[in-house]
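Student: What follows is each chain in one-letter form.
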Amino acid sequence: MLFTGFFIFPKSASTFAGEVDAFYFFMWALTLFFAIGIAATVIAFIIRYRRSDENPAGADIEGSLQLEIMWTAIPFAIAMGIFAWSASIFVNMQRPPDNAMEIFVVGKQWMWKIQHMEGRSEINQLHVPLGKPVKLTMTSEDVIHSFYVPAFRIKADVVPGRYNTTWFEATKTGTYHLFCTEYCGTNHSRMIGQVVVMEQAAYQDWLAEGNTNATGIGASLANLSPAARGEALFTEHGCKTCHFDGPGRVGPLLGGLPGSTVKLEGGDVVAADSRYLRESILNPRARVVEGYEPLMPTFAGRVSEEDVMSLVAYIKTLSPPPGAEAHTTTAP
Amino acid sequence: MSELVSRVQHHFADAEQQYESATFGMWVFLVTEIMFFAGLFTTYIVYRHAYSAAFAEASHHLDVAFGTFNTVVLIGSSLTMALAIAAAKQSKQRSTAIYLVATIALGCVFLGVKSFEYAHKFHENLFPGANFVYPGPDPAHAELFFSIYFAMTGLHALHMVIGIGVMSVILKETLKGSYNAEYFTPVECAGLYWHFVDLVWIYLFPLLYLIGRH
Amino acid sequence: MDSHESSLKSYFLVFFALMALTALTVWVAFMDLGMMNNVVAMGIATIKGLMVMIVFMHLRHSPPLTILAIVVGIFWFAVLILITMSDMWTRGLLGFPGK
Amino acid sequence: METETKKKRVTYLNVAHGVKSWLFTVDHKRIGLLYLVSITLMFMLGSFFAVLIRTELLTPAGDLMSSDNYNKMFTMHGIVMVFFFLIPSIPAVLGNFLIPLMIGAKDLAFPRINLLSWYIYVIGGCFTMWAVITGGIDTGWTFYTPYSTTASISKVLVPAIGVFITGFSSILTGLNFIVTIHRMRAPGLTWFRLPLFVWAHYATSVIMILGTPVVAVTILLVGLERGLGLGIFDPKLGGDPILFQHLFWFYSHPAVYIMILPSMGVISEIICCFSRKRIFGYGFVACSSMAIAMLGFLVWGHHMFVSTQSTYTALIFSVLSMAVAIPSAVKVFNWTATLYKGSISFEAPMMYVFGFLGLFTIGGLTGLFLASVGLDVHVHDTYFVVAHFHYIMVGGALMAYLGGIHFWWPKITGKMYAEWPARIAAVLVFLGFNLTFYPQFLLGYAGMPRRYHFYPEEFQILNVFSTAGATILGLGYIMPLCYLLWSLRHGKDAPANPWLATGLEWKVDSPPTPHNFESTPTVDEEAYNYPVTPAAEAQSV
Ligand code: HEA
Ligand code: HEA
Ligand code: CUA
Ligand SMILES: [Cu+2]
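Chains as they are written, first to last, in the numbering used here: chain C, 118 to 449; chain Z, 354 to 567; chain B, 841 to 939; chain V, 312 to 852.
The hints are simulated quantities; they were obtained by calculation from the structure and are not laboratory data.
Check the hints yourself; a few may be wrong.
Stated by the list, open to error - Here are the simulated lysine-lysine pairs, DSSO-like style, with alpha carbons at most 27 Å apart: (1) C:LYS225 to V:LYS547; (2) C:LYS433 to C:LYS225; (3) V:LYS547 to C:LYS380; (4) Z:LYS474 to V:LYS547; (5) V:LYS417 to V:LYS331; (6) C:LYS230 to C:LYS289; (7) C:LYS433 to V:LYS547; (8) C:LYS230 to V:LYS547; (9) C:LYS128 to C:LYS380; (10) B:LYS849 to Z:LYS442; (11) V:LYS547 to C:LYS357; (12) V:LYS803 to V:LYS726; (13) C:LYS225 to V:LYS466; (14) Z:LYS445 to B:LYS849; (15) C:LYS433 to C:LYS380; (16) C:LYS252 to C:LYS230.
Given these sequences and hints, build the entire structure.
Tutor: Have a look at this one:
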């Protein structure tokens, strides 16, 4: 676009930027059309019909049904057009493509913690490859934050107690702003960071570097992929003592669980999405699998949001036990 | 007659306009009360929808007997209130006063039972917060249930307290002989308020006490 | 004073009906009707509520304007609940958490 | 001769003297003035915070105050301006004063409740002042959970109680208006003969009574959660912070129409008067107020597009938000058409109307930017939003409020203000306003988030513009304060109908007598039966 990069416009570095900018320019055109149109009409009337000795009083006009219909119907049509256009942009933003690579984001007062699947983690920085759709799965440890990259034209609230998703495909290498846009306390305005878009090869190299200074997130588990960390946590927290394939098993087998549907005590059926898995770990008694006793202890307070994400990532790698369809929810 | 005229405030054209304005105003006020409780009911429905099993489970920690008893008491007080208005309309000041006393008494019984229930819940550590201890499964969502339980019944009880206060004033005025067949608007309005409070309870009772009882 | 007598009578009638319905709603609550339990409970509450409004609160003698006010109140009550619930009902339908 | 008789005339102002006669008055006109004074004080307080905000934002580094203090500044600016200034402004001051006059009544239906609602307002205000003095509040005016319930280190409870209490002031005012408009109209004053100002207030009152209780109970729940430890929105218990947002915006979106509808009423009155012409399409302007009030309740989720609200619900809210723009558009077009073949003059109130037309159009259309889901993802919670709502609330509602104050000043005080300073102030406000807030649209699209104490350097130029504009704007606000006060002593005495306007309020003397009308007037003509010729006017007096 013409003004891109000029100080009154954000950089544009994602596939959305062009669409959103085009829409934005259209909206300004429309606004100027109406604002100038109305201003010009008003000014014309003021000049033409200003009070004078020849024009001491206004004409007696009641209104006009035709005009009323016209200026109800036309704005309505325009408004619906605007809606249709913006909705199509929006729906696209809501649906990450299937081939998107996933990155975990955890917000907390006042930093962004980012975990790549290959193991590297970072704080207040997000490295992403050029030209590859990236899907962010996000949650918060305390209050609501919001993940905003103006150059990508995306934003999504990061809400405690649940996951949110957003995605983008970067189109230009460079360094871009990352802002927190939901007010979250003292250092809200410093909960900022950078998004670094790299060539794919450079990104691979960067990933391979590993965590040079393992700080913050699970220093002892540095450089492990979430799935590997999850496996370690799975052992560490003794999940294996109940979820193992063998006689005397008390918990259901977890292989193949993500993406399937689960029958619960009481007859309800739920989809085993990441929200369900998260809840199963942090608050297992909220939904108990049919045929099992509510024996699983809660892990709330013992595992962090990143740990949960890692555990879920690990559970996703488990394969269904041979012979069972999907995963067995039938009691042993 | 002069008595009657003085009852019409200066800015009203006549007694009828005054009466209609007052009762309509009272109803509009009740509409705001509906919306006030609407916020609470929405909260309730959202969570009940999300955590129905936990809610049913937690509801079993409330005592249906107390709830039913209180429902009867409150409906009874609505009856005495209606009778009080009917009596006031006929200038029967003595029976108006008696019915009002009955209404107030029943209201107090309700609050008494309620506070007994509250005390019991405190005792059982079922009041949300740091001391919350819940024996059943899923304590988190049960705590949510009790939060809503206390918010809803607490605000309902607050309305009752206000209602009893209003009623006491009406009673005092009745004893002074302020109301008669020509002028009983305040009694009528207080009655509308009282019935509304009853009405809210009629919904609260099944929603809080009777979930998943079978 | 005929109307007076009749209104007194109706107060008592309604009172006893309300008592009966209270008993009914408690009784029904202990039966397993599945989803119908909620429907019945709310249905009974609504009948009770209507009786209180129409008889105790003199709605049958009220001007239409009053009825309009109540209808408006209930309508907006429903708007609040239904639109909020529409969010709860459709969450996650797209298959991505938070969408 | 006329001034002679005027001196002796008993007016609502001189009928009684002393502080007590004001504090215990039940006269709607005096209560209107009580509101005028308290609301002006609140506006000064809110402006004071705005000045500090704008000064801080001159530089990217937060060098004037700490981040905590900055956060308190915008929170208190928002709370004071919204709940204590703009929501009560036109209804409680002008509405209170004018509605009984306009419909030929001696007072509102419940004069004592009217006084009560002022006291409630003052008590709520005191709570807020107390909060301000004892350390402020830092949640943003939206009180979002779980920040407000768990994380905030400030005294959330006190201002929350303040807002809760003030809500009842608003409810009681709305209730009073509704009953008054239904029950107390003069004989012959049918619904479609009502001034549009009254229609607008009727619609406003409907929102007040249906919406305010919901925010009251929501704030109460936040208070219970913070004060007593109930966990209603606590995500740790499975509570839903988004539910809080639903409940909050169920009121707070319609609340923006509480702010704008009365100003639309003011505009309709002024524009007819100074073009000496009846309004174009009376029925449509009247009904569009009601349409805005109704539709306004169905769009609240447009504040939550990126909040994890479901995609489907977001789309529904988006399309409904588009629909709510239509009645506003109808009004703008009808006002413009009213000028056609008018006899237009440029007294200060009319200058404000012209300002309003332009700024409201831009503010409203940028509302459509925000209602467009796909674009809102980018501009949500940036300065674009800040610019949008200041365009409507400051450029629209506040302009109309000032216009209305000027227009009815002669009626309220019995004095004429000085015309030329008033015109200059109107122009200053217009120019200063645009310089302050237009740059914020650009800032927002460029990506500057709102509620930011520190900001990246590239945003500085536009922020400097904005602060410069605020200085001019401030000047434009201080001027009316001066010349209006000046007019109280030195202004010319106002005749009953200085602008030759229609409407019952102009048929009584300025200032009116305590009981407004000697005898209840009978109305036998349509609203806005312009022109009012000086001859006809002389006859009717
Ligand atoms: C008086 C106050 C007021 C008014 C009247 C409005 C009116 C409107 N508002 Fe605004 N708004 C606010 C005050 C107001 N708003 C505030 C305070 C916030 C921020 C809250 C916060 O987060 O702190 C906000 C935020 C806000 C958002 C959320 C932004 C975000 O946080 O991401 C949205 C989104 O849809 C929105 C939309 C609208 C729309 C569509 C209108 C419409 O009603 C506008 C209708 C008017 C017109 C459209 C102009 C006239 C029409 C024409 C001249 C004809 C041409 C018309 C067409 C072609 C359709 N507003
Ligand atoms: C009616 C509502 C209203 C009004 C009139 C205003 C008026 C103004 N507002 Fe306000 N504003 C809001 C409602 C309003 N605002 C809301 C709701 C928010 C959101 C809060 C939140 O995020 O929670 C907000 C936020 C907000 C911000 C964003 C802060 C942030 O996100 O970090 C900014 C920044 O520029 C701002 C600026 C201004 C300015 C310059 C004015 C100017 O119009 C003010 C002009 C006045 C003067 C310059 C002073 C004139 C002087 C006097 C009258 C004498 C006063 C006396 C002394 C100084 C002693 N406002
Ligand atoms: Cu995190 Cu703002
Ligand atoms: Cu809105």
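Student: Does each hint fit the structure? Answer for all of them.
Tutor: Hints and how they fare:
1. C:LYS225 to V:LYS547: holds (15 Å)
2. C:LYS433 to C:LYS225: Distance of about 25 Å is within 27 Å: holds.
3. V:LYS547 to C:LYS380: holds (25 Å)
4. Z:LYS474 to V:LYS547: OK: Z:LYS474 and V:LYS547 at ~22 Å, within 27 Å.
5. V:LYS417 to V:LYS331: Within the cut-off at roughly 22 Å; holds.
6. C:LYS230 to C:LYS289: Holds, because 23 Å separates the two Cα atoms, which is no more than 27 Å.
7. C:LYS433 to V:LYS547: Within the cut-off at roughly 25 Å; holds.
8. C:LYS230 to V:LYS547: holds (20 Å)
9. C:LYS128 to C:LYS380: violated (48 Å)
10. B:LYS849 to Z:LYS442: holds (16 Å)
11. V:LYS547 to C:LYS357: Distance ~26 Å between V:LYS547 and C:LYS357 Cα, so the pair holds.
12. V:LYS803 to V:LYS726: holds (6 Å)
13. C:LYS225 to V:LYS466: holds (22 Å)
14. Z:LYS445 to B:LYS849: holds (18 Å)
15. C:LYS433 to C:LYS380: holds (19 Å)
16. C:LYS252 to C:LYS230: holds (15 Å)
Going through the hint list in order, the structure does not satisfy hint 9, though it satisfies all others.
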